[in-house]
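Undergrad: Here's the letter readout for the chains.
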Amino acid sequence: MTGYPFDFHGFGFEARTSGALWWPEGRWLFVADLHFGKSERVARRGGALLPPYEGQATLQRLAAEIGTLDPRTVVCLGDSFDDLAAVQALDLHIARCISDLSVDRDWIWVVGNHDPAEPRGLTGRSAAELRLGPVTLRHCAMAGQGPDISGHFHPVVSLAGERRKAFVIGAEHLILPAFGTYTGGLICDDLAIRRLVPQGIAIACGRKAMALPLRARA
Amino acid sequence: MTLPPAFQDWFAKQGWQPHPHQLQLLAATGDSLLIAPTGGGKTLAGFLPSLVDLQDGARSGSVHTLYVSPLKALTADIGRNLARPVADLALPIRVEDRTGDTGATQRRRQRVDPPGILLTTPESLALMLSYPEAPTIFGGLRRVVLDELHALAESKRGDQLMLCLARLRGLAPDLRVTGLSATVEDAQALADFMSGSKPVHVINADPGPEPDIAMLPTAQPAPWSGGGGHYAIPEVLQAIRQARTTIVFINTRAQAELFFQALWAANDDNLPIGLHHGSLSHESRARVEAAMAAGELRAVVATGSLDLGIDWGAVDLVIQIGAPKNVKRLVQRIGRANHRYNAPSKARIVPANRFEQIECVAALQAVQARDLDGDPRGPGPLDVLCQHILLTACTAPFDAETLYAEVATAGPYRELARADFDACLDFAATGGYALRAYDRWQRLMLRDGLWRLRDPRAARLLRMNVGTIVEAEMVRVRLRGRGGAPLGEVEEAFAASLTPGDSFLIGGRVVRMDAMRDMVIEVTPDPRQQPKIAVYSGVKLAMSTQLAHRVLALIGDPARHAGLAPDTRAWLSLQARVSSLPEPGLLLSESFPHAGRWHFALYGFAGRNAMQTLGLLLTREMEDEGLGPLGFLSTDYALLIWSMDPVSDPRPLLAAERLRAGLGDWLGENAVMKRTFRNVATVAGLIQRNMPGLRKTGRQATFSSDILYDTLRKYDPNHLLLRVTADEADRGLVDFGRIEEMLARSPRREHRMLDRVSPLAAPLLLEVGKIPIRGEGRERLAQIEADALMREAGLETVA
Numbered sequence: 001m002t003g004y005p006f007d008f009h010g011f012g013f014e015a016r017t018s019g020a021l022w023w024p025e026g027r028w029l030f031v032a033d034l035h036f037g038k039s040e041r042v043a044r045r046g047g048a049l050l051p052p053y054e055g056q057a058t059l060q061r062l063a064a065e066i067g068t069l070d071p072r073t074v075v076c077l078g079d080s081f082d083d084l085a086a087v088q089a090l091d092l093h094i095a096r097c098i099s100d101l102s103v104d105r106d107w108i109w110v111v112g113n114h115d116p117a118e119p120r121g122l123t124g125r126s127a128a129e130l131r132l133g134p135v136t137l138r139h140c141a142m143a144g145q146g147p148d149i150s151g152h153f154h155p156v157v158s159l160a161g162e163r164r165k166a167f168v169i170g171a172e173h174l175i176l177p178a179f180g181t182y183t184g185g186l187i188c189d190d191l192a193i194r195r196l197v198p199q200g201i202a203i204a205c206g207r208k209a210m211a212l213p214l215r216a217r218a
Numbered sequence: 001m002t003l004p005p006a007f008q009d010w011f012a013k014q015g016w017q018p019h020p021h022q023l024q025l026l027a028a029t030g031d032s033l034l035i036a037p038t039g040g041g042k043t044l045a046g047f048l049p050s051l052v053d054l055q056d057g058a059r060s061g062s063v064h065t066l067y068v069s070p071l072k073a074l075t076a077d078i079g080r081n082l083a084r085p086v087a088d089l090a091l092p093i094r095v096e097d098r099t100g101d102t103g104a105t106q107r108r109r110q111r112v113d114p115p116g117i118l119l120t121t122p123e124s125l126a127l128m129l130s131y132p133e134a135p136t137i138f139g140g141l142r143r144v145v146l147d148e149l150h151a152l153a154e155s156k157r158g159d160q161l162m163l164c165l166a167r168l169r170g171l172a173p174d175l176r177v178t179g180l181s182a183t184v185e186d187a188q189a190l191a192d193f194m195s196g197s198k199p200v201h202v203i204n205a206d207p208g209p210e211p212d213i214a215m216l217p218t219a220q221p222a223p224w225s226g227g228g229g230h231y232a233i234p235e236v237l238q239a240i241r242q243a244r245t246t247i248v249f250i251n252t253r254a255q256a257e258l259f260f261q262a263l264w265a266a267n268d269d270n271l272p273i274g275l276h277h278g279s280l281s282h283e284s285r286a287r288v289e290a291a292m293a294a295g296e297l298r299a300v301v302a303t304g305s306l307d308l309g310i311d312w313g314a315v316d317l318v319i320q321i322g323a324p325k326n327v328k329r330l331v332q333r334i335g336r337a338n339h340r341y342n343a344p345s346k347a348r349i350v351p352a353n354r355f356e357q358i359e360c361v362a363a364l365q366a367v368q369a370r371d372l373d374g375d376p377r378g379p380g381p382l383d384v385l386c387q388h389i390l391l392t393a394c395t396a397p398f399d400a401e402t403l404y405a406e407v408a409t410a411g412p413y414r415e416l417a418r419a420d421f422d423a424c425l426d427f428a429a430t431g432g433y434a435l436r437a438y439d440r441w442q443r444l445m446l447r448d449g450l451w452r453l454r455d456p457r458a459a460r461l462l463r464m465n466v467g468t469i470v471e472a473e474m475v476r477v478r479l480r481g482r483g484g485a486p487l488g489e490v491e492e493a494f495a496a497s498l499t500p501g502d503s504f505l506i507g508g509r510v511v512r513m514d515a516m517r518d519m520v521i522e523v524t525p526d527p528r529q530q531p532k533i534a535v536y537s538g539v540k541l542a543m544s545t546q547l548a549h550r551v552l553a554l555i556g557d558p559a560r561h562a563g564l565a566p567d568t569r570a571w572l573s574l575q576a577r578v579s580s581l582p583e584p585g586l587l588l589s590e591s592f593p594h595a596g597r598w599h600f601a602l603y604g605f606a607g608r609n610a611m612q613t614l615g616l617l618l619t620r621e622m623e624d625e626g627l628g629p630l631g632f633l634s635t636d637y638a639l640l641i642w643s644m645d646p647v648s649d650p651r652p653l654l655a656a657e658r659l660r661a662g663l664g665d666w667l668g669e670n671a672v673m674k675r676t677f678r679n680v681a682t683v684a685g686l687i688q689r690n691m692p693g694l695r696k697t698g699r700q701a702t703f704s705s706d707i708l709y710d711t712l713r714k715y716d717p718n719h720l721l722l723r724v725t726a727d728e729a730d731r732g733l734v735d736f737g738r739i740e741e742m743l744a745r746s747p748r749r750e751h752r753m754l755d756r757v758s759p760l761a762a763p764l765l766l767e768v769g770k771i772p773i774r775g776e777g778r779e780r781l782a783q784i785e786a787d788a789l790m791r792e793a794g795l796e797t798v799a
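Respectively, the protein sequence lines represent chains A and B.
For what it's worth, full-length UniProt numbering labels the leading residue of the first sequence as 1, then goes sequentially.
For what it's worth, full-length UniProt numbering labels the leading residue of the second sequence as 1, then goes sequentially.
Restricting the straight-line Cα-Cα distance to at most 27 Å, the calculated cross-link-like pairs of lysine-lysine (DSSO-like) are: (1) 674(B) to 208(A); (2) 714(B) to 674(B); (3) 714(B) to 208(A).
Here are the simulated distance ranges between beta carbons: (4) 23(B) to 45(A): 53 to 59 Å; (5) 192(A) to 202(B): 55 to 61 Å; (6) 486(B) to 192(A): 22 to 28 Å; (7) 434(B) to 121(A): 24 to 30 Å.
Far from chain B, some chain A residues (derived; all Cβ distances over 12 Å): (8) 18; (9) 25; (10) 84; (11) 100; (12) 101; (13) 105; (14) 106; (15) 132.
Hints are computed from structural coordinates only; laboratory data are not their basis.
Glycine included, each C-beta is placed from N, C-alpha and C at the ideal position.
Work the whole structure out from these sequences, hints included.
TA: Below is the structure:
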């Protein structure tokens, strides 16, 4: 597991191969788009009955990162829950694990479009946006309102025939890949992303983190 | 039943004489299976009893005759053909089709006022059966005609159709079923497949005269490797010129594109030649079909997309480019030429390379011996049953006991164990997980002894996902600009490998990718560029077991080499001199150094899927032995592995026990399994292809089925769908059975240590499709690619 270190507006960050972002100096850990409760929500709405293990799987990976890095602050950058009802329906075991993980840490739920309000009954505090020096932490990057760190788009790149989760880093926007297990991806070249980051790099997550250029579009 | 006078007159007016099999079918009192060559008036035979039955009019409110074919185009064609006798004889019958193309208004009307004769596809039938009105629509059904049953029986579409047939037999106990099939290797097996509780009577029509089939002589010998067949372009053009209308069959879509382009480059007479394959847009295919029907084309280059379908009487020559891989398919393709009964079909074969030349000769001998091949069908797959159970719940609440009894009358499910049925029902109801997470949100609930949808609105989603055809994820291609014309589709994996500016071939022209928007690739024509080759499909048909045996027997017996081309003869005799020839009973392998690496060649003749599995298993074994395998490639005939150190004794590596043990470990994380899982999960209803209102949101919301597979493997390894996946892969893409067959039929082993490449191995070195060993190697590959891209962009010092 080799991360990729880079600077963004004066902060030395590390893009972790897990898809989490790490700020060693302040001991902050960022994750985006956990989408807890996804399978439950799909079932509730009459869709397929997906294997109900994605919460466990997401949590295991998050717990591994927290165990390794021991962050002081954990920021979940929105869409942590697939909807607000999913918070209420959350497996007790998962709620307890989150609570265990948050002991002695500042745990912040940034709201997202799937979870636009505070997750009631869970540890941690909720915020619409957060500041880290000049940088805003929000769910979805806002053009002209950067610099910001966000999630929302689930960026992926296609490398050697495989799709991999990726960080997108531009001058004003730093976009995290989705950390949740049941999450799809949007190719970094998609206009929705390239409007925000016309030029920059993508860091693909694999066994090693790998940087790729995002060229200016013709 | 005999032919009424009005019908006899009609036949006479056409200048026709009823065929004996048409009269036999008319006289039949139970279910029948008619085996007849194309052009034998097969379809009319199937409909004749219905037309006679209906001459005094149909009972309204219910369908009298249901016709099911694998192709939408075929239903439309049959509709046109039936119109003539119906009009000539003034029969009071309404004939209508019902396919995915039928408009909503027509569909609604058909549910209230069904036509006397309804023409449809298995998917549309499954859909119609899922409506609450199904018992009324089909309650008075008297006859079912299953067209091209041999083709349907080869896939899950056939299993689904048989489940639907069992339902129809339940709704209308007086039903009589007629199956229509091209020549097959085992007619009785097909009859059992379509039978209900009573046996099916097989009627064999006169197979007609021997086909005129031979290799196409070419000035240049076949090349050592490759699959294009371009060396034969002059002779193919000459053959097209001499015939009236020709179908040129070629095995893959990418090859069809390239061959079509090469053909046009040499087409100095500007003969009208078209292209037809499954990745082209519906519009372009329809254009080619119409031109063909109108006799405006001299030839069409096609893939399996034309294996079935519309009767083009004018086709008088079929050219097969590349080895046919199985004899039955070759015979059926030959039958596409000359649809006039009692005229011989004419076909010419062009092997694409040296190995295939031997295969083509062996296939010709099999055709002459009327020795058809085919693997016996396995039992009805459980993913299809899962879908059937969910669709049954869409019709009305059902009793498990009754449904099980009904399913067990369907041919493919006759041996279905109650425990397996219950597992499918549990999957449909609760997801079937060890963790019972969905008590509140079950799909099906048991109430008053009957299973029903918890949320009736779910029926819409289930109906949107009817069917067992799982296509690779495709991306549409269209010309740039507002309202640009659609050109066709390419696989998503191929689309992902394109960057703006790259060019590829589609519909016979070179286009340049401009942008990707809303999952559509926008392109501009760019005839000057050399195209990147479009890779449409990763799955290729494996050579059949029987044909493989014939090829091996031909190679191993120098006395029979006289039937081969001189260059092929010379090649084999050189092989016999410097190494050995593979032969029945003997498994030959060779080790030799080449280009600084050791190579291990194994001539297994077990088909490409099994040889690929063997490659994956053997490289693992070699890794354990410290031989440092670097990669391998597999063909239908052989496996070639390159490594740091040589294999000096393959016997321990090839122990069946050891391979089987390795299979269990390896299978789980394999891409082949993931692809199979995707099919299974889609058919069973775990993955939905179609969602209301979700067409244009891109891929952010949907996630890969690989994630579901990995999650299930980790947290619920005994889940039903993993079991179904393993069974299916074992029969299909993994094909371990054929590795065991290869080991069992080859008690003698011979390993040759050579100082250079052997003649038989040489073409393998030229093959494409090498598989690097996964793991660190793959990671390194990606790193190299990423570094190169960064360097190119001058970005290696970023951050």
